[in-house]
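Engineer: According to my numbering, the residues represented by the sequence shown are 1 to 368, in order.
If you are wondering where the hints come from, they were derived from the structure by calculation, not from laboratory data. Since the structure is predicted, the reported quantities are computational estimates derived from the model, not experimental observations. Each hint should be verified, as a subset may be incorrect.
Between beta-carbon pairs, the in silico distance windows are [to be verified]: (1) Glu126 with Gln366: 32 to 42 angstroms; (2) Pro217 with Ser82: 30 to 40 angstroms; (3) His228 with Asp200: 35 to 45 angstroms.
List of simulated lysine to aspartate or glutamate pairs, EDC-like, C-alpha gap at most 16 angstroms [said to hold, decoys possible]: (4) Lys190 with Asp94; (5) Lys220 with Asp324; (6) Lys319 with Asp200.
Note that beta-carbon positions come from the ideal geometry of N, C-alpha and C, so glycine has one too.
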Amino acid sequence: MHTLILSCNTGEGHNACARAIKEYYDLIREVCTIEDSLSFVSEEVSNIVAKGHVLIYRKLSPIFGWGYEYAQNHPRQFDSESLFYHFIARGADDLHRYIVENQYDNVISTHPFSALMLTEVCKRYEMNIHTAFVATDYTCCPGVNCSDLDLYFIPDMTLVDEFVRQGIPADRILPSGIPVRQAFYHHLPKEDAKKAFGIDPAHKHIVIACGSMGCGPMEKLSQGICRHMGNGTELTIVCGTNEQRKRAMEEIHAGVSSVHIQGFVKDMPLLLDSADVYVTKPGGLSTTEAVGKHCPMVLINAVGGCENYNLNHFLRTGKAVTGDSIDELVGACLNVLQQSETNQPTMQEPVQNAAQFIYETLRERQNR
1 MHTLILSCNT GEGHNACARA IKEYYDLIRE VCTIEDSLSF VSEEVSNIVA KGHVLIYRKL
61 SPIFGWGYEY AQNHPRQFDS ESLFYHFIAR GADDLHRYIV ENQYDNVIST HPFSALMLTE
121 VCKRYEMNIH TAFVATDYTC CPGVNCSDLD LYFIPDMTLV DEFVRQGIPA DRILPSGIPV
181 RQAFYHHLPK EDAKKAFGID PAHKHIVIAC GSMGCGPMEK LSQGICRHMG NGTELTIVCG
241 TNEQRKRAME EIHAGVSSVH IQGFVKDMPL LLDSADVYVT KPGGLSTTEA VGKHCPMVLI
301 NAVGGCENYN LNHFLRTGKA VTGDSIDELV GACLNVLQQS ETNQPTMQEP VQNAAQFIYE
361 TLRERQNR
């Protein structure tokens, strides 16, 4: 079974989801490849879109939220008659050629743009392949409703009705969870994980991480937490790929032994094993990773857009708390920390391995 995964360089979550699926396929020695769908339009287009997304996400987050809301309120901009659809469809012929030449049996999309391109391929050509979309946020994002694929893997069974209301046939929807790396389904004792990051095992550990690009009010939030966290607590701040943010945090917390500044962390599963509280923005992947680790979350509404829906999902299901101001976020963090001191550890319900579920579903269809 040969599988192609189509991602898009508009946010690391879509690529991380694609890599998580491929990781499982690699473990069981199945052929699997990841490609950037926009590269089938042109490499230049892909680079421009990727750089523009980083700029907006880091510097102009209100525009991100506004753009998402606009897309929701104008769903026809993604239908087959729209200029945007025709732009995306420019890559359909090259994508078809690539699928045929490499003899793929399954094509999985982790982004609405690639789902639309794949939809156009299936319109233009008769192909004996299985197609699927994997949602990376806890909502039916704009554009998904204009795609027409065989299967739609969604994060949670409570979202089925939303996808149906958006026009996705109910018999094509399968609650799989969002695929994350296999390490997030396994656990190391908290004391051992703390030692690995230089944290005193007897101390409580707060982790702040706001996505791979290090966005959000991390300076003010970390300062507020430091003022109230006490001597028996340590704080780790993850700045991701944002070197400017990392330098600023190192200057702010210079000489404070209980604060640890990290750039890009390669072993986030281990870091979450060490955390007593995880303060993060509600990205689809980062929240799912925390759920896999059964890590208490305090969510920062940093960029809006689809992340508003992720936030509301985890508040509604009781798996996270939030605050409307820095003071409220600090208070929420300290409250969760205090609860972790008084509550006895309980057996947690295992989280479904999403990548495995996707593979087994497609394998079953392949064998029919």
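Engineer: Next, verify each hint and record whether it holds.
Structural biologist: Evaluation of the provided hints:
no. : hint                                   : result
1   : Glu126 with Gln366: 32 to 42 angstroms : 18 angstroms, violated
2   : Pro217 with Ser82: 30 to 40 angstroms  : 36 angstroms, holds
3   : His228 with Asp200: 35 to 45 angstroms : 19 angstroms, violated
4   : Lys190 with Asp94                      : 49 angstroms, violated
5   : Lys220 with Asp324                     : 14 angstroms, holds
6   : Lys319 with Asp200                     : 27 angstroms, violated
Hint compliance for this structure: hints 1, 3, 4, 6 are not met, and every other hint is.
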